[in-house]
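Engineer: Sequence:
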Amino acid sequence: MSLAAAPVGTGQMPSAALRRFAWAVLVYFIAVILWGALVRATGSGAGCGDHWPLCNGTVIQHSPRADTIIEFTHRFSSGISFFSAAGLLAWTFAGTQRGHLARAASLAAVVFTLIEAILGALLVKLGLTAQSQSPLRAPYLALHLTNTLLLLAALTLTAHFLSRTRGYTRTTVRLINPAGASAAVMTVLIVGVTGSLAALGDTLFPASSIGAALAQDFSSTSAWLVRWRWTHPAIAFFASVFLIWLLVRASRRSLDWDNRGLSALVLILLAVQYLLGLLDVVLLAPVWLQVVHLLGADVMWAALVVLTARLTLQPMEAGNRA
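Under the numbering used here, the first residue of the sequence shown carries the number 720, and numbering increases by one thereafter.
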(Lines of atoms letter the chains of each structure in order from A and count residues from 1; the text may use other names and numbers.)
(Lines give C-alpha, C1' and ligand atoms only; values in the text may rest on other atoms or scores of the structure.)
Protein backbone atom coordinates (compact mmCIF):
# COMPACT_ATOMS: atom_id res chain seq x y z
CA MET A 1 0.00 0.00 0.00
CA SER A 2 3.00 2.27 -0.13
CA LEU A 3 4.23 4.31 -3.05
CA ALA A 4 7.11 3.18 -5.21
CA ALA A 5 7.53 6.26 -7.37
CA ALA A 6 10.87 8.02 -7.53
CA PRO A 7 11.29 10.57 -4.72
CA VAL A 8 10.21 14.03 -5.76
CA GLY A 9 10.03 17.14 -3.59
CA THR A 10 11.94 18.72 -0.81
CA GLY A 11 12.03 18.43 2.94
CA GLN A 12 12.78 15.75 5.46
CA MET A 13 11.64 12.30 4.37
CA PRO A 14 10.46 9.88 7.07
CA SER A 15 12.81 7.02 7.84
CA ALA A 16 12.14 3.44 6.79
CA ALA A 17 11.95 2.52 10.48
CA LEU A 18 9.16 5.04 11.04
CA ARG A 19 7.22 3.75 8.04
CA ARG A 20 7.51 0.16 9.24
CA PHE A 21 6.46 1.19 12.75
CA ALA A 22 3.36 2.95 11.39
CA TRP A 23 2.21 -0.16 9.50
CA ALA A 24 3.03 -2.33 12.54
CA VAL A 25 0.87 -0.12 14.77
CA LEU A 26 -2.01 -0.51 12.32
CA VAL A 27 -1.66 -4.30 12.37
CA TYR A 28 -1.52 -4.29 16.18
CA PHE A 29 -4.69 -2.19 16.43
CA ILE A 30 -6.51 -4.61 14.14
CA ALA A 31 -5.46 -7.47 16.45
CA VAL A 32 -6.80 -5.53 19.47
CA ILE A 33 -10.10 -4.93 17.65
CA LEU A 34 -10.41 -8.63 16.83
CA TRP A 35 -9.85 -9.50 20.50
CA GLY A 36 -12.55 -6.99 21.40
CA ALA A 37 -14.91 -8.84 19.06
CA LEU A 38 -14.01 -12.05 20.89
CA VAL A 39 -14.95 -10.34 24.16
CA ARG A 40 -18.37 -9.45 22.75
CA ALA A 41 -19.01 -12.77 20.98
CA THR A 42 -18.15 -14.85 24.07
CA GLY A 43 -20.09 -12.62 26.46
CA SER A 44 -16.91 -11.86 28.42
CA GLY A 45 -17.46 -8.11 28.71
CA ALA A 46 -18.40 -8.46 32.38
CA GLY A 47 -15.38 -10.61 33.18
CA CYS A 48 -13.86 -7.80 35.26
CA GLY A 49 -17.13 -6.77 36.88
CA ASP A 50 -18.05 -3.10 36.84
CA HIS A 51 -14.50 -2.00 37.71
CA TRP A 52 -12.44 0.12 35.33
CA PRO A 53 -9.53 0.38 34.64
CA LEU A 54 -8.83 -2.22 37.33
CA CYS A 55 -10.19 -5.72 36.85
CA ASN A 56 -12.44 -6.81 39.72
CA GLY A 57 -10.84 -4.06 41.78
CA THR A 58 -7.31 -5.48 41.57
CA VAL A 59 -4.33 -5.56 39.22
CA ILE A 60 -3.30 -9.18 39.75
CA GLN A 61 -6.03 -11.74 39.11
CA HIS A 62 -6.00 -14.83 41.35
CA SER A 63 -7.70 -17.94 39.91
CA PRO A 64 -9.48 -15.94 37.18
CA ARG A 65 -12.39 -17.35 35.20
CA ALA A 66 -12.14 -17.69 31.41
CA ASP A 67 -14.24 -14.56 30.82
CA THR A 68 -12.00 -12.62 33.21
CA ILE A 69 -8.88 -13.68 31.30
CA ILE A 70 -10.44 -12.67 27.98
CA GLU A 71 -11.61 -9.27 29.22
CA PHE A 72 -8.41 -8.53 31.18
CA THR A 73 -6.29 -9.38 28.12
CA HIS A 74 -8.35 -6.99 26.03
CA ARG A 75 -7.90 -4.18 28.55
CA PHE A 76 -4.15 -4.78 28.77
CA SER A 77 -3.70 -4.85 24.99
CA SER A 78 -5.86 -1.74 24.65
CA GLY A 79 -3.61 0.09 27.09
CA ILE A 80 -0.58 -0.80 24.98
CA SER A 81 -2.40 0.45 21.89
CA PHE A 82 -2.69 3.95 23.37
CA PHE A 83 1.04 4.14 24.06
CA SER A 84 1.80 2.84 20.56
CA ALA A 85 -0.44 5.53 19.03
CA ALA A 86 1.16 8.21 21.20
CA GLY A 87 4.61 6.95 20.24
CA LEU A 88 3.65 7.05 16.56
CA LEU A 89 2.46 10.64 16.97
CA ALA A 90 5.70 11.75 18.65
CA TRP A 91 7.90 9.97 16.11
CA THR A 92 5.88 11.32 13.18
CA PHE A 93 6.25 14.92 14.36
CA ALA A 94 9.96 14.39 15.00
CA GLY A 95 10.61 12.63 11.70
CA THR A 96 8.61 14.72 9.22
CA GLN A 97 8.56 18.29 7.98
CA ARG A 98 5.99 20.91 8.88
CA GLY A 99 2.73 20.45 6.96
CA HIS A 100 3.20 16.70 6.43
CA LEU A 101 -0.19 15.04 6.10
CA ALA A 102 0.89 12.18 8.36
CA ARG A 103 1.09 14.61 11.27
CA ALA A 104 -2.62 15.41 11.11
CA ALA A 105 -3.51 11.74 10.61
CA SER A 106 -1.41 10.58 13.57
CA LEU A 107 -2.93 13.29 15.78
CA ALA A 108 -6.42 12.13 14.76
CA ALA A 109 -5.42 8.55 15.60
CA VAL A 110 -4.51 9.54 19.17
CA VAL A 111 -7.78 11.46 19.57
CA PHE A 112 -9.84 8.50 18.33
CA THR A 113 -7.84 6.17 20.61
CA LEU A 114 -8.74 8.32 23.62
CA ILE A 115 -12.40 8.32 22.58
CA GLU A 116 -12.20 4.54 22.18
CA ALA A 117 -10.93 4.21 25.75
CA ILE A 118 -13.72 6.44 27.08
CA LEU A 119 -16.37 4.48 25.19
CA GLY A 120 -14.94 1.21 26.49
CA ALA A 121 -14.98 2.48 30.08
CA LEU A 122 -18.58 3.62 29.73
CA LEU A 123 -19.58 0.23 28.34
CA VAL A 124 -18.40 -1.32 31.59
CA LYS A 125 -19.73 1.37 33.91
CA LEU A 126 -23.17 1.41 32.26
CA GLY A 127 -23.37 -2.38 32.29
CA LEU A 128 -23.70 -2.66 28.50
CA THR A 129 -21.74 -5.90 28.34
CA ALA A 130 -22.16 -9.67 28.38
CA GLN A 131 -25.89 -10.52 27.93
CA SER A 132 -27.22 -7.03 28.61
CA GLN A 133 -30.30 -6.23 26.50
CA SER A 134 -30.46 -2.57 27.49
CA PRO A 135 -32.01 -0.35 24.78
CA LEU A 136 -28.85 1.76 25.02
CA ARG A 137 -26.55 -1.08 23.99
CA ALA A 138 -27.26 -1.12 20.23
CA PRO A 139 -26.84 2.63 19.55
CA TYR A 140 -23.85 2.69 21.88
CA LEU A 141 -22.27 -0.20 19.99
CA ALA A 142 -22.91 1.59 16.69
CA LEU A 143 -21.12 4.67 18.05
CA HIS A 144 -18.26 2.51 19.31
CA LEU A 145 -17.83 0.75 15.96
CA THR A 146 -17.96 4.04 14.04
CA ASN A 147 -15.15 5.43 16.18
CA THR A 148 -13.18 2.20 15.72
CA LEU A 149 -13.36 2.44 11.93
CA LEU A 150 -12.39 6.12 12.00
CA LEU A 151 -9.45 5.19 14.22
CA LEU A 152 -8.34 2.53 11.73
CA ALA A 153 -8.72 5.05 8.91
CA ALA A 154 -6.51 7.56 10.73
CA LEU A 155 -3.81 4.94 11.37
CA THR A 156 -3.99 3.75 7.77
CA LEU A 157 -3.65 7.30 6.44
CA THR A 158 -0.71 7.92 8.77
CA ALA A 159 1.15 4.90 7.39
CA HIS A 160 0.13 5.73 3.82
CA PHE A 161 1.25 9.37 3.93
CA LEU A 162 4.53 8.39 5.58
CA SER A 163 5.08 5.97 2.69
CA ARG A 164 4.46 8.58 0.00
CA THR A 165 7.41 10.04 -1.87
CA ARG A 166 5.38 12.82 -3.47
CA GLY A 167 2.19 14.65 -2.54
CA TYR A 168 2.64 14.25 1.21
CA THR A 169 2.24 17.86 2.42
CA ARG A 170 -0.75 20.19 2.42
CA THR A 171 0.83 22.41 -0.23
CA THR A 172 1.76 19.61 -2.64
CA VAL A 173 -1.60 17.83 -3.03
CA ARG A 174 -4.75 18.63 -4.94
CA LEU A 175 -8.26 17.46 -4.04
CA ILE A 176 -9.86 15.54 -6.90
CA ASN A 177 -13.63 14.95 -7.01
CA PRO A 178 -14.03 13.62 -3.45
CA ALA A 179 -17.84 13.35 -3.41
CA GLY A 180 -18.23 9.92 -5.00
CA ALA A 181 -15.29 8.36 -3.18
CA SER A 182 -16.53 9.78 0.13
CA ALA A 183 -19.98 8.30 -0.55
CA ALA A 184 -18.41 4.89 -1.14
CA VAL A 185 -16.41 5.10 2.09
CA MET A 186 -19.45 6.27 4.08
CA THR A 187 -21.52 3.41 2.67
CA VAL A 188 -18.90 0.88 3.75
CA LEU A 189 -18.86 2.55 7.18
CA ILE A 190 -22.62 2.01 7.44
CA VAL A 191 -22.16 -1.62 6.40
CA GLY A 192 -19.70 -2.05 9.25
CA VAL A 193 -22.13 -0.56 11.76
CA THR A 194 -25.04 -2.73 10.63
CA GLY A 195 -22.72 -5.74 10.72
CA SER A 196 -21.84 -5.05 14.36
CA LEU A 197 -25.54 -4.83 15.23
CA ALA A 198 -26.24 -8.09 13.40
CA ALA A 199 -23.40 -9.75 15.33
CA LEU A 200 -24.83 -8.42 18.59
CA GLY A 201 -28.21 -9.90 17.69
CA ASP A 202 -26.57 -13.28 17.02
CA THR A 203 -24.85 -13.11 20.39
CA LEU A 204 -27.90 -12.12 22.43
CA PHE A 205 -30.46 -14.20 20.55
CA PRO A 206 -28.71 -17.30 19.14
CA ALA A 207 -30.69 -19.61 16.88
CA SER A 208 -30.59 -23.41 16.96
CA SER A 209 -30.98 -23.85 13.19
CA ILE A 210 -31.26 -21.90 9.95
CA GLY A 211 -35.02 -22.41 9.99
CA ALA A 212 -35.26 -21.04 13.50
CA ALA A 213 -33.08 -18.07 12.53
CA LEU A 214 -35.32 -17.22 9.56
CA ALA A 215 -38.40 -17.57 11.76
CA GLN A 216 -36.83 -15.14 14.23
CA ASP A 217 -36.10 -12.64 11.45
CA PHE A 218 -39.75 -12.40 10.44
CA SER A 219 -41.46 -12.90 13.79
CA SER A 220 -43.24 -9.89 15.26
CA THR A 221 -42.32 -11.10 18.74
CA SER A 222 -38.57 -11.09 18.07
CA ALA A 223 -36.34 -8.33 19.37
CA TRP A 224 -35.76 -5.52 16.88
CA LEU A 225 -32.05 -6.46 16.66
CA VAL A 226 -33.09 -9.82 15.24
CA ARG A 227 -35.78 -8.45 12.91
CA TRP A 228 -33.28 -5.92 11.53
CA ARG A 229 -30.56 -8.44 10.72
CA TRP A 230 -31.60 -8.33 7.06
CA THR A 231 -30.41 -4.71 6.80
CA HIS A 232 -26.77 -5.77 6.92
CA PRO A 233 -26.74 -7.96 3.78
CA ALA A 234 -29.09 -5.53 2.00
CA ILE A 235 -26.89 -2.49 2.64
CA ALA A 236 -23.79 -4.58 1.86
CA PHE A 237 -25.26 -5.29 -1.60
CA PHE A 238 -25.78 -1.60 -2.35
CA ALA A 239 -22.32 -0.83 -0.97
CA SER A 240 -20.81 -3.22 -3.49
CA VAL A 241 -22.27 -1.06 -6.27
CA PHE A 242 -20.42 1.99 -4.92
CA LEU A 243 -17.26 -0.04 -4.48
CA ILE A 244 -17.32 -1.37 -8.02
CA TRP A 245 -17.79 2.20 -9.27
CA LEU A 246 -14.81 3.28 -7.18
CA LEU A 247 -12.68 0.42 -8.50
CA VAL A 248 -13.54 1.27 -12.09
CA ARG A 249 -12.60 4.87 -11.42
CA ALA A 250 -9.36 3.78 -9.80
CA SER A 251 -8.36 1.79 -12.86
CA ARG A 252 -8.75 4.93 -14.98
CA ARG A 253 -6.89 7.33 -12.68
CA SER A 254 -3.37 5.95 -12.46
CA LEU A 255 -1.37 9.09 -13.16
CA ASP A 256 0.74 8.76 -10.03
CA TRP A 257 0.17 5.15 -8.99
CA ASP A 258 -0.89 1.96 -10.64
CA ASN A 259 -4.04 1.21 -8.65
CA ARG A 260 -4.87 -2.02 -10.42
CA GLY A 261 -3.24 -4.24 -7.79
CA LEU A 262 -4.91 -2.46 -4.88
CA SER A 263 -8.25 -2.42 -6.72
CA ALA A 264 -7.98 -6.15 -7.30
CA LEU A 265 -7.25 -6.67 -3.60
CA VAL A 266 -10.37 -4.72 -2.60
CA LEU A 267 -12.46 -6.71 -5.09
CA ILE A 268 -11.12 -10.03 -3.78
CA LEU A 269 -11.74 -8.98 -0.19
CA LEU A 270 -15.27 -7.95 -1.12
CA ALA A 271 -15.94 -11.40 -2.60
CA VAL A 272 -14.45 -13.06 0.50
CA GLN A 273 -16.71 -10.95 2.72
CA TYR A 274 -19.78 -12.14 0.82
CA LEU A 275 -18.62 -15.75 1.21
CA LEU A 276 -17.99 -15.30 4.95
CA GLY A 277 -21.38 -13.64 5.33
CA LEU A 278 -23.04 -16.63 3.69
CA LEU A 279 -21.15 -18.99 5.98
CA ASP A 280 -22.28 -16.89 8.93
CA VAL A 281 -25.87 -17.62 8.00
CA VAL A 282 -25.35 -21.31 7.24
CA LEU A 283 -23.20 -22.05 10.31
CA LEU A 284 -25.22 -19.77 12.63
CA ALA A 285 -22.38 -17.31 13.25
CA PRO A 286 -19.88 -19.27 15.36
CA VAL A 287 -17.42 -17.14 17.32
CA TRP A 288 -14.38 -18.00 15.18
CA LEU A 289 -16.24 -17.09 11.99
CA GLN A 290 -17.36 -13.75 13.42
CA VAL A 291 -13.72 -12.91 14.17
CA VAL A 292 -12.56 -13.96 10.69
CA HIS A 293 -15.40 -11.96 9.12
CA LEU A 294 -14.34 -8.88 11.08
CA LEU A 295 -10.69 -9.40 10.09
CA GLY A 296 -11.67 -9.38 6.42
CA ALA A 297 -13.75 -6.25 6.95
CA ASP A 298 -10.91 -4.41 8.69
CA VAL A 299 -8.37 -5.29 6.00
CA MET A 300 -10.78 -4.28 3.25
CA TRP A 301 -11.50 -1.01 5.07
CA ALA A 302 -7.78 -0.19 5.29
CA ALA A 303 -7.25 -0.99 1.61
CA LEU A 304 -10.25 1.13 0.67
CA VAL A 305 -8.96 4.07 2.71
CA VAL A 306 -5.60 3.95 0.91
CA LEU A 307 -7.28 3.66 -2.49
CA THR A 308 -9.54 6.61 -1.71
CA ALA A 309 -6.56 8.69 -0.55
CA ARG A 310 -4.76 7.92 -3.79
CA LEU A 311 -7.76 9.01 -5.85
CA THR A 312 -8.75 12.15 -3.97
CA LEU A 313 -5.43 13.48 -2.61
CA GLN A 314 -3.16 13.48 -5.63
CA PRO A 315 0.24 15.18 -6.04
CA MET A 316 0.21 18.58 -7.71
CA GLU A 317 2.25 17.29 -10.62
CA ALA A 318 1.63 13.90 -12.17
CA GLY A 319 4.54 11.54 -11.75
CA ASN A 320 5.53 8.23 -13.26
CA ARG A 321 3.39 5.25 -12.55
CA ALA A 322 4.53 3.04 -9.73
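Everything labelled a hint here was simulated from the structure, so no lab data went into it. Positions of the beta carbon are idealized from the N, C-alpha and C atoms, including for glycine. Check the hints yourself; a few may be wrong.
[As the list claims (entries may be wrong)] Distance ranges between label pairs, derived from CB positions:
hint: 1; residue 1: F957; residue 2: L1003; range: 21 to 31 angstroms
hint: 2; residue 1: L1003; residue 2: A805; range: 16 to 26 angstroms
hint: 3; residue 1: V830; residue 2: D769; range: 40 to 50 angstroms
hint: 4; residue 1: V830; residue 2: S901; range: 17 to 27 angstroms
hint: 5; residue 1: P897; residue 2: V830; range: 18 to 28 angstroms
hint: 6; residue 1: P783; residue 2: V991; range: 21 to 31 angstroms
Engineer: Decide, hint by hint, whether the structure agrees.
Structural biologist: Here is how each hint holds up against the structure:
1. F957 - L1003: 21 to 31 angstroms: holds (25 angstroms)
2. L1003 - A805: 16 to 26 angstroms: Taking Cβ atoms as reference, L1003 and A805 lie about 41 angstroms apart, which means the hint is violated.
3. V830 - D769: 40 to 50 angstroms: violated (27 angstroms)
4. V830 - S901: 17 to 27 angstroms: holds (20 angstroms)
5. P897 - V830: 18 to 28 angstroms: Taking Cβ atoms as reference, P897 and V830 lie about 22 angstroms apart, which means the hint holds.
6. P783 - V991: 21 to 31 angstroms: violated (36 angstroms)
Going through the hint list in order, the structure does not satisfy hints 2, 3 and 6.
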